[in-house]
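These are the residues of each chain, in order.
4 protein chains.
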Amino acid sequence: MGGSVFGKNITVTTWGESHGAALGAVIDGFPAGVEISSSDIQVMLDRRKPGTSDITTPRKEADEVEILSGIFEGKTTGTPISMMIRNTSQKSSDYSEIASYYRPGHADLGFDSKYGFRDYRGGGRSSGRETIGRVCAGALCKKLLNQMGIDVFAYTTSIGDVAIDRSRFDRDQIVKSPTGMPDAKADEEAFELIKRYRQEGDSIGGTIECVIKGVPAGVGEPAFDKLDASLSKAVTSIGAVKAIEIGDGCQVSLKKGSENNDEFEMADGKVIKKTNHSGGILGGISDGSDIILRAHIKATPSISSKQNTVNKDGENIEISIGGRHDPVVVPRAVVVVESMCAITVLDLLMSNMHSKAESVIKFYK
Amino acid sequence: MGGSVFGKNITVTTWGESHGAALGAVIDGFPAGVEISSSDIQVMLDRRKPGTSDITTPRKEADEVEILSGIFEGKTTGTPISMMIRNTSQKSSDYSEIASYYRPGHADLGFDSKYGFRDYRGGGRSSGRETIGRVCAGALCKKLLNQMGIDVFAYTTSIGDVAIDRSRFDRDQIVKSPTGMPDAKADEEAFELIKRYRQEGDSIGGTIECVIKGVPAGVGEPAFDKLDASLSKAVTSIGAVKAIEIGDGCQVSLKKGSENNDEFEMADGKVIKKTNHSGGILGGISDGSDIILRAHIKATPSISSKQNTVNKDGENIEISIGGRHDPVVVPRAVVVVESMCAITVLDLLMSNMHSKAESVIKFYK
Amino acid sequence: MGGSVFGKNITVTTWGESHGAALGAVIDGFPAGVEISSSDIQVMLDRRKPGTSDITTPRKEADEVEILSGIFEGKTTGTPISMMIRNTSQKSSDYSEIASYYRPGHADLGFDSKYGFRDYRGGGRSSGRETIGRVCAGALCKKLLNQMGIDVFAYTTSIGDVAIDRSRFDRDQIVKSPTGMPDAKADEEAFELIKRYRQEGDSIGGTIECVIKGVPAGVGEPAFDKLDASLSKAVTSIGAVKAIEIGDGCQVSLKKGSENNDEFEMADGKVIKKTNHSGGILGGISDGSDIILRAHIKATPSISSKQNTVNKDGENIEISIGGRHDPVVVPRAVVVVESMCAITVLDLLMSNMHSKAESVIKFYK
Amino acid sequence: MGGSVFGKNITVTTWGESHGAALGAVIDGFPAGVEISSSDIQVMLDRRKPGTSDITTPRKEADEVEILSGIFEGKTTGTPISMMIRNTSQKSSDYSEIASYYRPGHADLGFDSKYGFRDYRGGGRSSGRETIGRVCAGALCKKLLNQMGIDVFAYTTSIGDVAIDRSRFDRDQIVKSPTGMPDAKADEEAFELIKRYRQEGDSIGGTIECVIKGVPAGVGEPAFDKLDASLSKAVTSIGAVKAIEIGDGCQVSLKKGSENNDEFEMADGKVIKKTNHSGGILGGISDGSDIILRAHIKATPSISSKQNTVNKDGENIEISIGGRHDPVVVPRAVVVVESMCAITVLDLLMSNMHSKAESVIKFYK
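Chains as they are written, first to last, in our numbering: chain A, -12 to 352; chain B, -12 to 352; chain C, -12 to 352; chain D, -12 to 352.
Don't read these hints as lab results, they were simulated from the structure. Please read these numbers as outputs of a predicted model, since none were measured by experiment. One or more of the hints may lead you astray.
[Claimed, not checked] Only pairs whose alpha carbons sit at most 25 Å apart, straight line, appear in this in silico DMTMM-like list of lysine to aspartate or glutamate: (1) D/62 x D/138; (2) D/130 x D/27; (3) B/243 x A/60; (4) A/352 x C/345; (5) B/130 x C/99; (6) B/36 x B/252; (7) B/299 x B/175; (8) B/299 x C/60; (9) C/-5 x D/138; (10) B/257 x A/84; (11) D/242 x C/138; (12) B/62 x C/84; (13) D/243 x C/60; (14) B/62 x B/175; (15) B/36 x B/138; (16) D/-5 x D/345; (17) C/62 x B/84; (18) A/242 x B/175; (19) D/47 x D/27; (20) C/242 x D/345; (21) B/36 x B/175; (22) B/163 x B/50; (23) D/243 x C/187; (24) A/352 x C/252; (25) D/299 x C/250.
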């Protein structure tokens, strides 16, 4: 109930603070027999690592993962997989000032109200570094999903007013672009935009889209644990996400039923949909089409421009936040969105295995 | 894991199908000593009842609640509160045809894939009637929240392209408007719009906003059980919701940090925010401002206009859906959004009681 | 967290009080496609029904179940199954006196301390009538387990100092014996014993054993959700159970490793155990042998003999509890133990379906 | 659902294998503001550390805890507390042989059946070393419980046929006795007994009692999450526990109601019980008396005496288990029982804070 445990069949517990000794995750309930090496995790962690380009924080962290349990002879054993990443570049002195006031756009006031005090160093638990553990878990889930023929991938769709042109969509570009955009031209423009905002002591928001291919119809639970509701929670639980859209999302409120409904038709002996306004989910259950969602992410609240706020003595003060910050969190959040979607889908795929009595009986015969 | 159980401290389990014998909810973990009568529940149920105006389904249901347990001498006892609403106007014959094909925009295919067959009568479990149980639970939670000085209310903000004018916002109008709009003029326009679409054999979408006043700073859990993540799941779990925004929502992706941050200031000895772009939530924890969210709801997929689809024999067919349907679900969904937000906030307020050791020790001394 | 929700994959929520309008259960997550009729439930309920012999309470209740949801065309649909039993023989006037004092051996003081007041009529929520909902759920689970080749059955092993003679074990006798004993001779003796205690205004305890045949090796989770830990909780959650033993139980503390270990051997190409001291569970995981557990149940605390206690005004008083009570709860608890074991085992069998990645991949290929 | 996550308000996740890199626990939901140092944990860990006397395994492990997160300026922050203990004395070569057969009394067959293979080194996840994480969590909980005036302590009551004499009960002796007995004389006798069994290549079982003082009436939830049911699961989840008794435990089945009921009386203006047959729990809820339970623990299954078993090739073989093993697990399990009880009671004390609406309202006013 402390809120750092996620999932039902697969249970992911993340832990760690921005400037503590280490961060990590424990994944319980992950199926046995999946070949996993540190490099499977590392390749995902490297996508959220800081300091890889001019538009991320200059904080240098190798973010090297150590697998502590749950893997034997190169395979998952079915027991908890514990993974740890040591912090190496803490500079707590940077943050001594922050302890004394509430940063606009940050959870400082909330933490103080809730817990009576807070680990103020780099945002403590509310830092984006918390997501390291999510990516560790996401890497595991993606490995298994791939073996099931399910493909989860996310990418940046816009930064500020620079949006990708879908006619130039190039999946290979995602990991090449510093911004995570699947469009080299938009990436360049966005890169310049971010640099300009940074120079102005400001920051900017953006959007991330995630596509999940290969999920069969029938996944997700009616009522509260709908596939879209579960994905919404998963993605909105990433700090800085302020809105989530499934399929056509906000556009649906303006549409007529005749425009928004996806008609079914037969194709090669299979039932398919002619369109995909639904984003692959109807009534909370997958409909066999690509699952598509979009997250809207706010600008980094830590900016060096002058801001008004109050300090712990209840005085109105003017501040300028120093330290090492990303001018935009979107590029590094792409792999986090991907990870949360992978965990969520795998978890619901596992529940779905016992939806039919026939499947349960067959398994044990 | 069947997905019909919601909440952690308060556990709401809903049950029932559109054309089954009855629908209901069991609420476990609700605190003892709250005075509750059937009319507290009924007044909320009446807000989602069908047949109250020209723009709802003509299906007539009294939706009268019977409280079966958990109340003694007019007060909650702390043990499970079971509430039941009998279905009285089932006309299953209406649906015999539906059994044979997949309705566009509905979960028919998902249910068949998941469970091997489905209760096709009126959508069975995927019907909007499932939300009756949510409203029963919401009514209980609102009663207690009111005693805590917390006010949860929702209203329609748009239907199709008719949006409310916030300068005419009148809270009393919400329950008077057939559309649930807090603006009599917009209500009238929207009402006409809906009637027109109905005549065309079509339907339309819209948006609902929910405001929660009085929640102190500190509510919500870091990481996965953030207040906004929890609310997103709660609201997105209502069928037909395809997007959710917290505070400025989708707008944040276009904004700079300096625009989006809410500055703090002192007012009457208290820390307040000058603006509320955050919608009352920072880093997943309440910041003491009004909590504001917005749900985007798709048009009713059941329309009498011609649509293409496939039947169970794998043939492409053309259909026109008869029966009794709402041309817009938004007005009746308002109280459901309100209910889900009330349950979620009360649940997290309860968790928050043991965030500080000091509180736990004090409680037991 | 109110504690009336049980299970992970299958979630059973029970509700209702001894003298309220009704009692029942909602079972969520139960697999679709199991043929169920009311009589499947009723046959189990009849085994715990009061008033069937001289050694049960004279309270007359038909305990007729009404299935309200989750069954369509005679089969489970995969959605919540709601079942209700109306109370018909409430005589709340019997209990007006009880409201004013704490009955020895009962939870009255606990309820008052916890909730501030209590539904004192017949024990309210702490009455044995709460177990009706458990039996409803147990009946469903047993039906599916039977189709999987798994057989769960319980029986009385002793009442007071009258114990069954295992050389006379006759399974058919279980439902014929008023005491639930699989031994006609012991049943007769125990019956007389109970009648004698009743005449003396007293009551008596006893033991129940449950055997689960057909569970393959591998079921149960390491660490906290061990099969034996889960069964212990399930059975100890039945009011009046004060001890639980798995396999040789309490005897193990006196035994040497060489005595207590079960050796493995090959038989017909299979690994079997020569003995079953372990009760079918090793390290929390089923070992392929019969699962065997034993519950120790205290005497009914409601007795007509004189007892000292205190009343709500803090005065020492002497009481004699009137009303309708069982002189022994054991016979009626047999089917409750059976039900709790069935729910628990089915739940863990479902989790076990995704222990291997191979199984998950195969399911979705 | 992997079963390595325990608790509702406080969530304890343990991880690690006997011969892996490390073991540990993450505790989520622990209240903020509790002063904790490594030595608070270490003093508990040292009580289960191997190699401290002639009657434990000669494996040498310092079992030094490293706190990785959740503590700032010496106090818990309310966010997950991650603790790790490095394994230093792994000798996996000892176990190469074990890989090829099923050890009697061990979970080898269960693990292979469940997961397809197992980490056979020292029992892997099913080793007693898994309990290190439980003790870490228990130490935290005990610290807070102490501040609440609640005292949890366990001790050995018997080893084989050597039982303590309660007239010689000396609490200070518990940590001094190599056996964990609160009776120096019995400790000596038991010590000799254990040495004798070890010399014979055998092992022995025993019993542990746990007492919890200071829990007010009202703690525990009706129905499934009863205090005794929760404690039963907690304690039975410790490997090797085969039976659990609450209060008079197994004796209740032989007793009459008039013997077993505890009468209430007034003492110093308070309601107390004259006797405590109930072990402090009535109807699943604490009654204000001392909570008392007893666990029965089997002999270590790893013995050097000859045993018959089968190997992976399906051949009957004779084995003698070498390696480093405890001839009795009881002494080292005492602190584990204590830890599991502390976690469970604190968890339920937290739930109990919102049992009354009055308390919830008061907290937020």
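Distance restraint between residue 130 of chain D and residue 27 of chain D, which requires alpha-carbon spacing of 25 Å or less: Measuring from Cα to Cα gives roughly 8 Å; hence the hint holds.
Satisfaction of hint between residue 175 of chain B and residue 36 of chain B, Cα-Cα up to 25 Å: Satisfied, since the Cα-Cα distance of roughly 20 Å is no more than 25 Å.
25 Å limit on alpha-carbon distance, applied to hinted pair residue 243 of chain B and residue 60 of chain A: The given pair, whose Cα atoms are some 49 Å apart, is violated under the 25 Å limit.
Distance restraint between residue 47 of chain D and residue 27 of chain D, which requires alpha-carbon spacing of 25 Å or less: Status holds; Cα separation ~21 Å.
Distance restraint between residue 62 of chain C and residue 84 of chain B, which requires alpha-carbon spacing of 25 Å or less: With a Cα-Cα distance of about 20 Å, the restraint between residue 62 of chain C and residue 84 of chain B holds, given a limit of 25 Å.
Pair hint outcome, residue 299 of chain B versus residue 175 of chain B [Cα-Cα no greater than 25 Å]: Given that 25 Å is the threshold and the Cα spacing comes to 42 Å, the pair is violated.
Distance restraint between residue 242 of chain C and residue 345 of chain D, which requires alpha-carbon spacing of 25 Å or less: violated, 52 Å
Residue 163 of chain B paired with residue 50 of chain B [C-alpha distance capped at 25 Å]: holds, 19 Å
Given pair status - residue 138 of chain D, residue -5 of chain C, alpha carbons within 25 Å: violated, 32 Å
Given hint residue 345 of chain D paired with residue -5 of chain D - CA-CA distance at most 25 Å: Holds, because 23 Å separates the two Cα atoms, which is no more than 25 Å.
25 Å limit on alpha-carbon distance, applied to hinted pair residue 299 of chain D and residue 250 of chain C: holds, 15 Å
Pair hint outcome, residue 352 of chain A versus residue 252 of chain C [Cα-Cα no greater than 25 Å]: holds, 23 Å
Checked against the numbered hints above, the structure violates hints 3, 6, 7, 9, 11, 13, 14 and 20; every other hint is satisfied.
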